[in-house]
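Kindly produce the complete structure, drawing on both the sequences and the hints.
Residue numbers (the numbering used here), protein chains in the order written: chain X, 1 to 225; chain C, 1001 to 1171.
Quick caveat, the hints were computed from the structure, so don't treat them as lab data. Every value quoted in this text rests on a predicted model; they were computed, and no experiment measured them. Incorrect hints may have been included.
[Stated by the list, open to error] Which stretches of chain C does chain X cover? Using the computed rule of at least three CB atoms under 8 Å from a CB of chain X, they are:
| id | stretch |
| --- | --- |
| 1 | 1104 to 1114 |
| 2 | 1125 to 1134 |
[Claimed, not checked] Straight-line C-alpha distance at most 25 Å; calculated BS3-like pairs for lysine-lysine:
| id | chain 1 | residue 1 | chain 2 | residue 2 |
| --- | --- | --- | --- | --- |
| 3 | X | Lys136 | C | Lys1022 |
| 4 | X | Lys66 | C | Lys1039 |
| 5 | X | Lys11 | X | Lys191 |
| 6 | C | Lys1022 | C | Lys1039 |
[Claimed, not checked] If you want the ones that stay clear, here's a sample from chain X, every Cβ over 12 Å from chain C, calculated:
| id | residue |
| --- | --- |
| 7 | Thr7 |
| 8 | Trp10 |
| 9 | Gly25 |
| 10 | Phe45 |
| 11 | Met98 |
| 12 | Ile99 |
| 13 | Phe103 |
| 14 | Leu170 |
| 15 | Arg190 |
| 16 | Leu202 |
| 17 | Thr212 |
| 18 | Ile214 |
| 19 | Asp225 |
Glycine included, C-beta positions come from ideal geometry on N, C-alpha and C.
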Amino acid sequence: MGYLLKTEWWKWLCVALLSYTVIGGLLFPVPRLPILNETIRALHFHVPMWFGMILVFTGSVIYAIKHLNSGEQRYDIYSSQLANIGVAFGILGILTGMIWANFAWGEPWSNDPKQNASAVSLLIYLAYFVLRNSIKDEQQRNRISGVYNIFAYFLMIPLLFILPRMTDSLHPGNGGNPGFNAYDLDSNLRKVFYTAVLGWTLLGYWIATISTRISLIQTNIEDTD
Amino acid sequence: MEVWNALFWIILLFTAINAISKSFIQEERRNLYYFFLTKPFEIIVAKLIYSFLYLLLIAVISLVLFGVLFGNPVNNYSLFIPNLLIGCLGLSSAFTMISAIAFNTSNRAVMMAVLGFPVIIPVLVLSISNSSHILDGDILTQIQGNMLTLISIDVIIIALTFVLFPFTWKS
Chain X
1 MGYLLKTEWW KWLCVALLSY TVIGGLLFPV PRLPILNETI RALHFHVPMW
51 FGMILVFTGS VIYAIKHLNS GEQRYDIYSS QLANIGVAFG ILGILTGMIW
101 ANFAWGEPWS NDPKQNASAV SLLIYLAYFV LRNSIKDEQQ RNRISGVYNI
151 FAYFLMIPLL FILPRMTDSL HPGNGGNPGF NAYDLDSNLR KVFYTAVLGW
201 TLLGYWIATI STRISLIQTN IEDTD
Chain C
1001 MEVWNALFWI ILLFTAINAI SKSFIQEERR NLYYFFLTKP FEIIVAKLIY
1051 SFLYLLLIAV ISLVLFGVLF GNPVNNYSLF IPNLLIGCLG LSSAFTMISA
1101 IAFNTSNRAV MMAVLGFPVI IPVLVLSISN SSHILDGDIL TQIQGNMLTL
1151 ISIDVIIIAL TFVLFPFTWK S
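Here's what the structure looks like:
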C-alpha cells in the first residue's frame, strides 16, 4: 500500500483520465448519424492512438538529435525505446481504424490513401529496427540508426499529413470530408476526446519510462560483465 | 496510358535503387583516401550531382526505349520534362542518403531496398500522379499544388542529406 501512495501524481491522473475515457466513451450520448451510428465512439479510441504515435515519434527524433550531438548512449536508448512504443501505438491505431472501417466503409481495408500512408509509416519504423539489428558495432549502430530515424521522420510527416489531403480519401477530415467537429454540436464528444488524447499520451509516456529503465539496466549489466 | 506511366516510373525506381546503391559501395577502397583528402560536405555535393545526372541519363534512355517499344503517349513535353526532373532529383537524392546509411551495414544490397522503399513513397506517389495527370492532358494550374509539394519534399530531402551525411561519414 505504501508504494501506491508514493506513486507519482501523473500516474494517478493517467488512470483517472483513461477510466473516464472508457466509461464516458462507451456510455455518454453521441449524435445519431446515418451509417456512422454508434461507431462514432471509435473517435475516442482510434484518433488518440495517432496523436500518441506522432508525439512519441517526435520525442524519439529529439533524442536521436541529442544523441548525434553528444554521442551519449543514454539518449540512443531513449530514442529507440520511444520508437518501439510509437510502433505499438501505430499498430493499435491501424487495428482500431480497421474495426471502424469494417462498419463505416464496408470492409476493413479499402486501400484508402490514409490507410496506405499509415501502413507505410509503420514500415519505415520497422525498417529502423531491421537497421539496428544489422550493424554489429554498437557506437556505429547508435549513430547510423539515429541518422535514419531523423531522415525517416521528416519524410513521414508529408506522407501522413499532406498526401492524403491532396487526393480523394474516404477518411473523415480528408479529401473534403468533414471531421468530427462538424457533428459535435453539443460538445459531448469533445469532452471525452480531449481527455482521451491526454490519457493515452500519458500512458505512452508511462510505458516509455519503464521500458527505458529496463533497457538502461540491461546495458549496465552487459557493460559490467 | 495508365499502364505506360506506372511501368515507366516503376522501372525508373528499380534502376535508381540498383544504380545509386553502387555510389558508395563501388568506391569502398577509395573511401579512406577521400576521408583524408576532402570534407564530407564536398563528398555529398559531388555524390548528389553525380547520382542526379546518372539517373537522368537512365530516364532519357528508358524514355527513348519506351517510345520505340510501347509508343509514346507524351504530348506535353513542357510539363512532362520538368516533372521528370523534379521526380528524378527526389529519387536520386533520397537514395544517395539511404546508400550512405546502408553502406555501414553488413548486408548492403538488402538494406538499401528495405530502408529505401518506405522512405521514397511520398516522392514516387506524387510524381506518378503528376505524370498521369499530364498524360491525361491537364495544364499547369491543375497540378500546381502537387508540383509544389513535390519540390518542397525534394528540398527537405536535400537539406536533411546535407545535415545528416557527416554523421554517417565519421566511421
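Could you work out which earlier hints the structure fails to respect and list their numbers in ascending sequence?
none
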